Amino acid sequence: MAESLILIEHDRQQVKRTSLHAITLARQLGGEYGLLVLGHGLSGIAASLASYGASAVIVADDPALTEPLADRYAAVIAEVARKRGADTILGTSSTFSKDILPRVAALLDAPMLTDLVGIEKIEGSISYRRPINAGSMFAMVRLEGGRRVLTARATAFDAPLGDAAPCPITRFDFDPTSLPNGIQFISREERKSDRPDLTEARVVVSGGRPLKDKETFERVVGGLADALGGAIGATRAAVDAGMAPNDYQIGQTGKVVAPELYIALGISGAIQHLAGIKDSRIIVAINKDPDAPIFQVATYGLVGDLHQIVPKFVESIRQA
Amino acid sequence: MDFAWSNQQRELLDAVGRFAKQQLNYDVIDNDRDGIFNREAWKKCGDFGIQGLLVPTDYGGLGTDPLTTVAALERLGYACKDNGLLFSINAHMWTAIIPLIYNGSEEQKKKYLPGLSNGTLIGGNAMSEPNSGSDAFGLSTTAIKKGSKYILNGSKIFVTNGPIADLLVVFATLDKTRGPSAISAFLVEKDSPGINVARKLEKMGLRTSPMAEVFFENCEVPEENLLGKEGGGAFLFTRSMTWERGCILASAVGSMQRLLETCIRYANERKQGGQSIGKFQLVASKIVDMKLRVESSRHMLYHYGWLSGHRKGVYLESAMTKLHISDSWVKCCEDAIQIHGGYGYMTEYEVERELRDAIASKLYSGTSEIQRNIVASMLGL
Amino acid sequence: MKILVPFKSVPEPNDATVAGAAVSTPKSVINPFDEIAIEEALRIRERAEATEVVGATIGPPAIDEQIRSALAMGVDRAIRIDDSRILDPYAVARILRALVEREAPHVVIMGKQAVDDDSNQVGQMLAGLLSWPQATFASRIEFLNNKTRARCTRETDAGLEVVEVNLPAIITTDLRLNEPRYVSLPGLMKARRKPIDLLTCDELGVNVHPLTTVLSVGSPPKRAGGTRVESVEELIKKLKQEAKVL
Numbered sequence: 001m002a003e004s005l006i007l008i009e010h011d012r013q014q015v016k017r018t019s020l021h022a023i024t025l026a027r028q029l030g031g032e033y034g035l036l037v038l039g040h041g042l043s044g045i046a047a048s049l050a051s052y053g054a055s056a057v058i059v060a061d062d063p064a065l066t067e068p069l070a071d072r073y074a075a076v077i078a079e080v081a082r083k084r085g086a087d088t089i090l091g092t093s094s095t096f097s098k099d100i101l102p103r104v105a106a107l108l109d110a111p112m113l114t115d116l117v118g119i120e121k122i123e124g125s126i127s128y129r130r131p132i133n134a135g136s137m138f139a140m141v142r143l144e145g146g147r148r149v150l151t152a153r154a155t156a157f158d159a160p161l162g163d164a165a166p167c168p169i170t171r172f173d174f175d176p177t178s179l180p181n182g183i184q185f186i187s188r189e190e191r192k193s194d195r196p197d198l199t200e201a202r203v204v205v206s207g208g209r210p211l212k213d214k215e216t217f218e219r220v221v222g223g224l225a226d227a228l229g230g231a232i233g234a235t236r237a238a239v240d241a242g243m244a245p246n247d248y249q250i251g252q253t254g255k256v257v258a259p260e261l262y263i264a265l266g267i268s269g270a271i272q273h274l275a276g277i278k279d280s281r282i283i284v285a286i287n288k289d290p291d292a293p294i295f296q297v298a299t300y301g302l303v304g305d306l307h308q309i310v311p312k313f314v315e316s317i318r319q320a
Numbered sequence: 001m002d003f004a005w006s007n008q009q010r011e012l013l014d015a016v017g018r019f020a021k022q023q024l025n026y027d028v029i030d031n032d033r034d035g036i037f038n039r040e041a042w043k044k045c046g047d048f049g050i051q052g053l054l055v056p057t058d059y060g061g062l063g064t065d066p067l068t069t070v071a072a073l074e075r076l077g078y079a080c081k082d083n084g085l086l087f088s089i090n091a092h093m094w095t096a097i098i099p100l101i102y103n104g105s106e107e108q109k110k111k112y113l114p115g116l117s118n119g120t121l122i123g124g125n126a127m128s129e130p131n132s133g134s135d136a137f138g139l140s141t142t143a144i145k146k147g148s149k150y151i152l153n154g155s156k157i158f159v160t161n162g163p164i165a166d167l168l169v170v171f172a173t174l175d176k177t178r179g180p181s182a183i184s185a186f187l188v189e190k191d192s193p194g195i196n197v198a199r200k201l202e203k204m205g206l207r208t209s210p211m212a213e214v215f216f217e218n219c220e221v222p223e224e225n226l227l228g229k230e231g232g233g234a235f236l237f238t239r240s241m242t243w244e245r246g247c248i249l250a251s252a253v254g255s256m257q258r259l260l261e262t263c264i265r266y267a268n269e270r271k272q273g274g275q276s277i278g279k280f281q282l283v284a285s286k287i288v289d290m291k292l293r294v295e296s297s298r299h300m301l302y303h304y305g306w307l308s309g310h311r312k313g314v315y316l317e318s319a320m321t322k323l324h325i326s327d328s329w330v331k332c333c334e335d336a337i338q339i340h341g342g343y344g345y346m347t348e349y350e351v352e353r354e355l356r357d358a359i360a361s362k363l364y365s366g367t368s369e370i371q372r373n374i375v376a377s378m379l380g381l
Numbered sequence: 001m002k003i004l005v006p007f008k009s010v011p012e013p014n015d016a017t018v019a020g021a022a023v024s025t026p027k028s029v030i031n032p033f034d035e036i037a038i039e040e041a042l043r044i045r046e047r048a049e050a051t052e053v054v055g056a057t058i059g060p061p062a063i064d065e066q067i068r069s070a071l072a073m074g075v076d077r078a079i080r081i082d083d084s085r086i087l088d089p090y091a092v093a094r095i096l097r098a099l100v101e102r103e104a105p106h107v108v109i110m111g112k113q114a115v116d117d118d119s120n121q122v123g124q125m126l127a128g129l130l131s132w133p134q135a136t137f138a139s140r141i142e143f144l145n146n147k148t149r150a151r152c153t154r155e156t157d158a159g160l161e162v163v164e165v166n167l168p169a170i171i172t173t174d175l176r177l178n179e180p181r182y183v184s185l186p187g188l189m190k191a192r193r194k195p196i197d198l199l200t201c202d203e204l205g206v207n208v209h210p211l212t213t214v215l216s217v218g219s220p221p222k223r224a225g226g227t228r229v230e231s232v233e234e235l236i237k238k239l240k241q242e243a244k245v246l
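Line by line, the protein sequences are chains A, B and C. Counting from 1, position 195 in the first sequence corresponds to residue 195 in the numbering used here; the numbering is continuous, with no gaps. Counting from 1, position 150 in the second sequence corresponds to residue 150 in the numbering used here; the numbering is continuous, with no gaps. Counting from 1, position 179 in the third sequence corresponds to residue 179 in the numbering used here; the numbering is continuous, with no gaps.
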């Protein structure tokens, strides 16, 4: 069986842990897999990937790959896949993988499935399960053809154990001057935060439109998040209103999270938002409207004014 | 008899519904409480094409037939909760636009219809007076010709859109002793010398539709602003009132449909004594009656719309339509409050406002009593 | 500059706010992200940076209503590629490639994902097939250097990023790029006089079949509703003792 190739994401300092969850999917599919990282100055990152049971860690390291430009990355990934005879390319869903992997699929003449939440093997063929219609339905899908590209929803696959014997780290050689030049990186806003990453946090506190404005949002939602050591999320309405930046958005077209504890402040529970939180272990909803749909999925619901309730909540936690 | 909409009609109706749902439902509770007219919503309606539905394309309108027009207004009433806004739009269409279409000179049509069609000009009419309501033709406002002008003197009450109108169709008499045959209609622009739009009137409902008393103190109107002929006012009024009666409650049919759906939802969700209140026959029965009222109102409305495009005489049908829909609307609103119990009384739930808005429908465009008189006389009694 | 906007007809996103609730209206609409793309293309034309906006979609005659909506918004010309099959993103991308080669637009602007399928693939696949640059999840688009390049702000997991792409390129739109105009009645009237060009895959010289088969569609396991608490104290107690999460 040909090898799978897993695209691992990093932020130039360290591996993005959720991107490792695709390894669990690869293990379920069976067969060997290689871990691929692209970028520049990757020796530390490459070394940290050595114990995940891969046949190899493949490193494409060059100044031309400093920024994740889709045309360059896709070209290199496709070349790696061809040279190694990989017929399955995997990644974990993120804006990084969503930007690049479909382009890889086209270069390899392969179909692609995004956001897999599980697979089933029936009579020797594999069926893939993925959400559709903002997660209100799930489809079981089969693929044809000799190759495929798949992304896994991180919250649907456990973090893999990294306790295998170390595997070789190989450098992938390519001609950087042959890479496309159609996209130039200009800038990126860097926001430093002491809070945990939204997709990795154990606790997430989220706010909706009733949080009024940016200052109130940061004070109330941020205050509770900090008291619990959690991350901050937001609904689309809150981001549209300028209360929170786009990377806080949780939902059908934002991030999907599944923390131990998800606290929804002033969030009504639109289907597009629920799509991003349904696998949280415990959901707490605090809302003024007793008929808000979120109460139908919340483990615990408290009807009332969040502006009164949250300070009490924070106070109680601090005292404990 | 083909009861199906054409593809084109369906596209138009769907576009109206989508537009109204997304654009016309902001701040309705607050605006109702504070009596604020939503000028931005008015402008959006103008850009969208509502006010110009019936205006011929030569004058900037869409030239839509009456049946499609009333269906569009019904859809508007379904998707837009601001009954006051719709009332202002209706007053503008039936009391200013219709008279211009039928009785305006070419110059008058060219001058006013384009702006009235896209909402940049707001229209209304001034007919009722402190001493003449149902007896409309008993008005006392006078118009005397002096040189190239008419001089108007008198006072008008219940002028819908008065505070915001750019143009009013004002009814005055050239000679009180000659009765209705001396009544004439005039196009009076808002800053005409001698016009005084006085205090805004506070109403029970339709509070987002502004209304005022308007005084004419030697108000000067250029002779080219006489609408129709001298003495043609009563006929002009009767014709535009026939349109108004048939069409002004088209949006009410939509409001009733929305209320019906709200009540069904509530009756299914609200549980008392371990079951949905919709299972209680006394509640279900009210909802069934609401459904019957919506259906019969809708059928009368569509029939009127169709007749209006196919035959000249619809005087009887317009009175019946207005009478039946207004009675139905008020009754639906009463039932809706009853079904919602205490919540039906709370402004937050937006059910009580519907009743406050609906009650006026038995008063304007001729009271229900006047409509009954009309039907009785048309039946030969 | 000619802008091509591929769009998809999708079932109207459900108003129901609880997952799994029955869909009551089987109405179709233009995919919301594609509507944003159409709006952006129209704005670019309105500020005289483009001369023509062409809409294109793949489907059976039933979707002509959505095509007329696009024309009513202001699209100059529309193309329907007649195909009643259920196509997967890769098949769509291959058909669109043939269309792009025929229409030769300067830029393709399209929604980042369809809200029924949620795949978020077609734009990127199309770019790969054409070997064109791509800028995905754009929340802002500007043209530079006499419209030979586009500068795009992108919404990513880490926040906002700015890239520039050489034209011709594929740009996919994200939510906050703009708020689309509503179809006006005058627009609908004008749309009735605008042409809808009909094409077949044969005429495009493309013969694709989807490589994805949907075996079944089902509802997710319903998340059990929980309990109401009456106070902060009770909430914290339950989180500590019952849920053991604090």
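Since the hints were derived computationally from the structure, they do not count as laboratory data. Remember, predicted model here, so these are calculated numbers, not experimental data. Glycine is no exception: its CB is placed at the ideal position from the N, C-alpha and C atoms. You may find that some hints are simply not true.
[As the list claims (entries may be wrong)] Just the calculated beta-carbon pair ranges, DEER-fashion: (1) ASP197(A) <-> GLN275(B): 45 to 51 Å; (2) GLU32(A) <-> ILE264(B): 55 to 61 Å; (3) GLY30(A) <-> PRO11(C): 34 to 40 Å; (4) ILE317(A) <-> THR347(B): 33 to 39 Å; (5) ASP65(B) <-> GLU52(C): 30 to 36 Å; (6) MET1(B) <-> GLY304(A): 32 to 38 Å; (7) ASN145(C) <-> ASP197(A): 35 to 41 Å.
[Stated by the list, open to error] Simulated crosslink set (EDC-like; lysine to aspartate or glutamate; CA at most 16 Å straight-line): (8) LYS109(B) <-> ASP47(B); (9) LYS27(C) <-> ASP58(B); (10) LYS288(A) <-> GLU348(B); (11) LYS190(C) <-> GLU352(B); (12) LYS240(C) <-> ASP279(A); (13) LYS190(C) <-> ASP47(B); (14) LYS147(C) <-> GLU49(C); (15) LYS146(B) <-> GLU223(B); (16) LYS362(B) <-> GLU334(B); (17) LYS244(C) <-> ASP291(A); (18) LYS238(C) <-> ASP279(A); (19) LYS331(B) <-> GLU348(B); (20) LYS237(C) <-> ASP291(A); (21) LYS312(A) <-> GLU234(C); (22) LYS192(A) <-> ASP157(C); (23) LYS16(A) <-> ASP157(C); (24) LYS149(B) <-> GLU189(B); (25) LYS111(B) <-> ASP27(B); (26) LYS331(B) <-> GLU269(B); (27) LYS222(C) <-> ASP279(A); (28) LYS21(B) <-> ASP64(C); (29) LYS288(A) <-> GLU230(C); (30) LYS194(C) <-> ASP64(C); (31) LYS312(A) <-> GLU242(C); (32) LYS271(B) <-> ASP291(A); (33) LYS203(B) <-> GLU189(B); (34) LYS44(B) <-> GLU179(C); (35) LYS203(B) <-> GLU348(B); (36) LYS312(A) <-> GLU233(C); (37) LYS2(C) <-> GLU101(C).
Tested hints:
no.	hint	in the structure
1	ASP197(A) <-> GLN275(B): 45 to 51 Å	holds (48 Å)
2	GLU32(A) <-> ILE264(B): 55 to 61 Å	holds (59 Å)
3	GLY30(A) <-> PRO11(C): 34 to 40 Å	holds (36 Å)
4	ILE317(A) <-> THR347(B): 33 to 39 Å	holds (37 Å)
5	ASP65(B) <-> GLU52(C): 30 to 36 Å	holds (34 Å)
6	MET1(B) <-> GLY304(A): 32 to 38 Å	violated (56 Å)
7	ASN145(C) <-> ASP197(A): 35 to 41 Å	holds (37 Å)
8	LYS109(B) <-> ASP47(B)	violated (20 Å)
9	LYS27(C) <-> ASP58(B)	violated (34 Å)
10	LYS288(A) <-> GLU348(B)	holds (13 Å)
11	LYS190(C) <-> GLU352(B)	violated (41 Å)
12	LYS240(C) <-> ASP279(A)	violated (20 Å)
13	LYS190(C) <-> ASP47(B)	holds (14 Å)
14	LYS147(C) <-> GLU49(C)	holds (8 Å)
15	LYS146(B) <-> GLU223(B)	holds (9 Å)
16	LYS362(B) <-> GLU334(B)	holds (14 Å)
17	LYS244(C) <-> ASP291(A)	violated (27 Å)
18	LYS238(C) <-> ASP279(A)	violated (20 Å)
19	LYS331(B) <-> GLU348(B)	violated (21 Å)
20	LYS237(C) <-> ASP291(A)	violated (24 Å)
21	LYS312(A) <-> GLU234(C)	holds (12 Å)
22	LYS192(A) <-> ASP157(C)	holds (14 Å)
23	LYS16(A) <-> ASP157(C)	holds (12 Å)
24	LYS149(B) <-> GLU189(B)	holds (14 Å)
25	LYS111(B) <-> ASP27(B)	violated (34 Å)
26	LYS331(B) <-> GLU269(B)	violated (23 Å)
27	LYS222(C) <-> ASP279(A)	holds (11 Å)
28	LYS21(B) <-> ASP64(C)	violated (23 Å)
29	LYS288(A) <-> GLU230(C)	holds (13 Å)
30	LYS194(C) <-> ASP64(C)	holds (12 Å)
31	LYS312(A) <-> GLU242(C)	violated (20 Å)
32	LYS271(B) <-> ASP291(A)	holds (13 Å)
33	LYS203(B) <-> GLU189(B)	violated (25 Å)
34	LYS44(B) <-> GLU179(C)	holds (15 Å)
35	LYS203(B) <-> GLU348(B)	violated (19 Å)
36	LYS312(A) <-> GLU233(C)	holds (9 Å)
37	LYS2(C) <-> GLU101(C)	holds (13 Å)
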